Amino acid sequence: MPKGWRSTTLIPVITLLAFAVLPHLYNNQFLLFNMMMYMALAQGLNIIYGYTGYLPFGYVGFFGAGAYGGALAITFLHWSPYLAVLAGGGAAVLLGMILIPLFRLSGAYFSIASLAAAEALYYVVANPGLEPLTQGPYGISLPQVYDPNGAYWTMLAILLFSLIISGVIRRSRFGLALSAIRESPLSASMSGVNVVKLRSISWLLSALIAGLAGAAFGWYISVFYPETVFGLGIGVFTIVFVLFGGIGTVLGPMIGTLILYGVYNYIGISTPEYFQLAYGLLIMILVLFLPNGLVSLARKRGLNVA
Amino acid sequence: MLRKTLARMTLGTAALAFSLGAWASSPSTIKIGTLYAGSGNFAQASTRQYDGLKFWAKQINAEGGLFVKAYGKRIPVQLVAYNDQSSTTLAASLYNRLITQDQVNILVADYGSVLTSVAIPLALEHHIVLFDETGTSGKFFKPEDKNRYIVLTGLPTSSQWPKVLANFLHTVGSKRIAILYAANDWSGSQAETLKTSLKALGANVVFYESVPNSTSSYSTILHRIAASKPEVVAEFGYSNNDIAFLQNYESSGLYFPMVFVPNPALHYEVVRKAVGDQAIRHVFSYVAPPLIRYNKEVNYGPTLDAFEAAYAKSGGKNVDLSTVAGYNTGLIVQKTLATSATFTQEAMRNAVDTFSGKIFTLDGLFQVNHEGAQTGESLPVGQVLPTPHGLQLLPVFPLKSAVAKYVYPTPGK
Amino acid sequence: MSLLEYAVLAGIFYGLYFALVGVGLNLIFGVMRIINLAHGDFLILGAYGAFYVFHLFGWNPLWAIPIELVVFFGLSLPLYYLLVPRLQKSGDPEMLSFILFFGLSQVIEALAVFAFGNDQRSIPASVFGGSPVTIAGQVYPASWVVSAAVGMAGITLIYLYLYHTRIGRATRAIMTERSEAVVTGISVHRVSAVAFGIGIATAALAGIFSPFMIGAIAPSLGMGITVTSFTIIVIGSLGNPLGTVLGGLLYGEALMLMQTFLTSWAEMFPYALLILVLLVKPTGLLGKAVRSA
Chain H
0 MPKGWRSTTL
10 IPVITLLAFA
20 VLPHLYNNQF
30 LLFNMMMYMA
40 LAQGLNIIYG
50 YTGYLPFGYV
60 GFFGAGAYGG
70 ALAITFLHWS
80 PYLAVLAGGG
90 AAVLLGMILI
100 PLFRLSGAYF
110 SIASLAAAEA
120 LYYVVANPGL
130 EPLTQGPYGI
140 SLPQVYDPNG
150 AYWTMLAILL
160 FSLIISGVIR
170 RSRFGLALSA
180 IRESPLSASM
190 SGVNVVKLRS
200 ISWLLSALIA
210 GLAGAAFGWY
220 ISVFYPETVF
230 GLGIGVFTIV
240 FVLFGGIGTV
250 LGPMIGTLIL
260 YGVYNYIGIS
270 TPEYFQLAYG
280 LLIMILVLFL
290 PNGLVSLARK
300 RGLNVA
Chain E
0 MLRKTLARMT
10 LGTAALAFSL
20 GAWASSPSTI
30 KIGTLYAGSG
40 NFAQASTRQY
50 DGLKFWAKQI
60 NAEGGLFVKA
70 YGKRIPVQLV
80 AYNDQSSTTL
90 AASLYNRLIT
100 QDQVNILVAD
110 YGSVLTSVAI
120 PLALEHHIVL
130 FDETGTSGKF
140 FKPEDKNRYI
150 VLTGLPTSSQ
160 WPKVLANFLH
170 TVGSKRIAIL
180 YAANDWSGSQ
190 AETLKTSLKA
200 LGANVVFYES
210 VPNSTSSYST
220 ILHRIAASKP
230 EVVAEFGYSN
240 NDIAFLQNYE
250 SSGLYFPMVF
260 VPNPALHYEV
270 VRKAVGDQAI
280 RHVFSYVAPP
290 LIRYNKEVNY
300 GPTLDAFEAA
310 YAKSGGKNVD
320 LSTVAGYNTG
330 LIVQKTLATS
340 ATFTQEAMRN
350 AVDTFSGKIF
360 TLDGLFQVNH
370 EGAQTGESLP
380 VGQVLPTPHG
390 LQLLPVFPLK
400 SAVAKYVYPT
410 PGK
Chain V
0 MSLLEYAVLA
10 GIFYGLYFAL
20 VGVGLNLIFG
30 VMRIINLAHG
40 DFLILGAYGA
50 FYVFHLFGWN
60 PLWAIPIELV
70 VFFGLSLPLY
80 YLLVPRLQKS
90 GDPEMLSFIL
100 FFGLSQVIEA
110 LAVFAFGNDQ
120 RSIPASVFGG
130 SPVTIAGQVY
140 PASWVVSAAV
150 GMAGITLIYL
160 YLYHTRIGRA
170 TRAIMTERSE
180 AVVTGISVHR
190 VSAVAFGIGI
200 ATAALAGIFS
210 PFMIGAIAPS
220 LGMGITVTSF
230 TIIVIGSLGN
240 PLGTVLGGLL
250 YGEALMLMQT
260 FLTSWAEMFP
270 YALLILVLLV
280 KPTGLLGKAV
290 RSA
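Chains as they are written, first to last, in numbering that gives the first Met the number 0: chain H, 0 to 305; chain E, 0 to 412; chain V, 0 to 292.
The set of hints was computed from the structure by calculation and includes no laboratory data. Fair warning: there could be bad hints in the mix.
[Claimed, not checked] Covered stretches of chain H, going by a simulated chain V footprint (3 or more residues, C-beta under 8 Å):
hint	segment
1	63-72
2	158-164
[Unchecked claim] Simulated restraints on C-beta separations:
hint	chain 1	residue 1	chain 2	residue 2	range
3	E	G63	H	Q143	55 to 61 Å
4	E	G172	V	V70	35 to 41 Å
5	E	K72	H	Y265	35 to 41 Å
6	V	I66	E	G63	51 to 57 Å
Please read these numbers as outputs of a predicted model, since none were measured by experiment. Beta carbons: idealized from backbone N, C-alpha and C, even for Gly.
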């Protein structure tokens with residue numbers, strides 16, 4: 000097995016073992032669940048941003064679409080929650096397809112347009128006019144399928160899926176082509192790379208992961224309001240974790256989430272009254288003194304980071 | 000790290016076995032777990048509610064602890080509280096921590112329906128009673144869910160709130176009513192009930208629209224409402240909605256004979272300071288404690304007067320409904336443990352049923368139905384009227400609880 | 000038809016004010032390529048300034064204008080030198096600024112909670128005289144007219160600065176081509192620091208009127224205002240202050256017309272409009288030629 004592929008396999012295996020064992024050592028399953036969720040979202044964002052350079056500020060839109068897609072499949076079609084999670088992924092992919100024209104935009108325009116799309120979707124879902132379908136502002140409640148353990152293992156599966164996709168992309172010709180697009184879309188397309196197709200595929204994969212994660216989250220908490228699953232905070236956190244860990248790698252977003260989300264929870268427990276202040280200061284200090292992410296630190300020491 | 004965790008687990012298991020095995024050996028403290036929002040959208044009310052609960056815990060500990068009938072003695076209270084920053088995602092994980100790691104004996108929810116919602120499935124899963132302070136969403140208490148692990152300690156479910164208001168509008172003979180509401184659970188269910196009740200009473204709802212929660216500019220909407228020529232405009236929203244609405248109404252040059260908004264009932268002083276006396280004069284709202292002053296009816300805990308005096312003495316200020324609700328939750332917990340013969344969650348929940356309808360606290364009659372929803376108190380209608388102590392929100396309807404005569408139609412500006 | 004006329008004129012007032020809300024964010028992005036996620040938080044700080052000027056001293060909030068312009072401009076210069084040069088040494092300053100200013104936004108919000116508490120605050124609308132203003136047969140709150148006028152004045156001053164002063168021309172040079180500007184001997188940091196200061200000071204200026212235009216103020220409102228500001232400046236084109244006026248007006252009109260005719264969809268529509276505008280013109284209404292990617 001070539002060296003690169005070894006780490007591509009190793010990361011999912013270690014993750015699987017860790018999250019399979021941790022619930023037996025650590026009681027707060029919800030925290031572990033959230034950790035996996037942010038790790039999966041970080042990988043999903045990494046697939047579109049890290050490999051193509053397009054940063055969707057409104058990434059949470061896919062998450063919300065997934066949560067509602069899953070909930071509607073359970074409520075109206077009476078699907079099993081496992082199938083409903085897939086339906087959530089499907090809803091997000093559908094949204095992703097609708098948003099493909101946004102790739103005509105570049106840089107910050109793309110970022111803000113995706114944010115606008117997520118906000119617009121939030122207002123649609125929360126509109127009382129759609130109460131028969133989405134329950135509008137009254138929120139979703141799914142007591143009939145409540146099963147935290149089932150949702151936990153589903154989220155672990157989603158995380159593994161995202162890691163494998165991300166790893167495969169990084170090592171494959173597909174990934175090489177994507178990074179060529181990131182460096183220069185023009186020269187990539189001149190050298191025969193189908194820019195539009197590849198970018199769309201990674202966009203939809205990225206949407207799929209967020210949608211699956213959103214649906215599993217909705218299932219896990221089983222009562223939620225539109226602002227719970229479309230909260231901008233989820234998207235901002237994910238972006239911060241990915242950027243901090245280092246983009247374009249599989250390990251970077253994992254470590255970034257592990258550290259920053261871990262510290263976040265630690266501060267929340269240890270100093271609840273200075274929670275926000277301490278976390279904000281920590282983030283600023285990290286950026287100013289570690290501007291290229293954790294991966295840069297490792298690279299500086301000559302480590303090859305997967 | 001691993002060893003430490005393992006060690007802690009062994010300890011935890013041992014403690015559990017111990018507490019199960021030995022009835023007589025009581026815990027050294029009663030752990031009460033709760034969350035508060037130190038920042039974010041719900042912080043204003045949540046921090047006050049938490050202050051009320053903290054004050055109760057302090058008082059109880061000063062008396063030597065909480066009397067626990069199951070152990071026949073007083074045991075000190077330990078409040079375990081985390082800051083969820085108004086985030087439901089964070090709140091869910093913190094509730095779970097309170098239950099699984101801190102292993103609290105009593106679980107108390109954060110303020111409002113949104114931050115309470117995520118605790119409900121957790122309480123059900125872990126078989127721990129959730130003392131719900133102000134999560135008044137009707138969907139938490141559906142009979143078909145048969146959820147016994149929730150008790151609403153404060154006000155009734157939000158859909159009950161406007162029932163007296165509907166009767167009031169009928170009594171004063173208002174025929175054309177405009178209803179505007181912000182798209183959230185709490186506001187929407189009030190608007191819905193008001194519309195249904197008014198229609199049943201034969202009134203004409205001439206305007207019924209929702210606006211997004213984030214709406215902060217009402218001038219244009221007010222002109223649209225004016226076009227429907229209403230006698231009464233009822234706006235249901237969070238306090239930021241109400242404040243913007245009242246300010247825009249004041250500066251719009253429009254006139255309606257009656258304007259109703261709900262938030263002065265919850266935090267009258269905040270709303271009054273924000274919009275100014277001129278804008279709040281003659282506005283109608285609900286009235287709830289401390290604006291309704293329950294004193295002579297109270298048969299459990301301090302009267303409202305006594306509470307306010309003690310609270311002020313301890314350095315607390317700005318008593319409003321949230322403070323009372325937080326303190327009242329403490330009282331309900333206190334009564335529960337003083338009643339429950341054994342120290343199990345099931346026994347505690349059954350104990351609540353035994354005193355439901357029998358105790359009257361500074362927050363009013365405590366009465367819950369089988370699902371744990373509050374049915375004791377209805378919310379009278381009040382109006383902001385001039386008094387020797389400045390403008391105050393006073394109960395005006397129903398007449399038996401009125402302390403002032405309502406002014407309707409309100410004088411023009 | 001009077002409802003339509005009312006909404007159209009209201010949209011203009013509202014839009015001119017929101018142009019002021021967005022313009023500082025646009026200036027900072029245009030010059031430094033910084034995504035200032037703390038923009039809305041600076042605005043809220045400005046709002047608290049006006050609140051205290053009114054409630055502590057009983058002064059008209061208009062007195063907060065000179066005070067806040069000086070204070071916020073003065074404080075943002077050291078902030079610039081503390082944050083920005085370091086940031087720009089990194090590999091991808093634009094994206095990194097996202098995290099850095101997210102952190103700053105959290106810090107400001109937390110400090111605001113400690114300093115001002117979590118209560119909703121506002122200033123009575125009657126401070127600008129009790130009676131509303133009649134324009135073209137329609138009646139508007141006096142505070143709207145004042146806010147719109149200040150908005151227009153603020154943007155005019157920024158326009159004059161950019162097009163009729165030496166340092167302004169240097170600022171525009173950096174906006175168009177940073178590397179060339181460096182070569183021609185422009186002191187990039189000095190020019191950028193001033194632009195940063197102006198950007199923050201205009202946010203605070205807009206904040207003074209937010210109690211009348213954006214409703215009650217609370218420490219947690221910053222992020223929402225930042226998002227709205229982004230919508231406005233992107234509609235009108237990034238890096239173009241005049242575009243921001245256009246963006247603000249479109250935003251105001253969209254909101255007011257929707258509030259009049261389809262109330263429950265009002266807040267959603269500006270976002271839909273943004274997407275529509277960008278699909279037709281990918282760099283905003285006043286953007287330069289389309290770069291195809």
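### Violating hint indices (sorted, rising)
Violated hints (numbers, rising): 1, 2, 3 and 4; every other hint is consistent with the structure.
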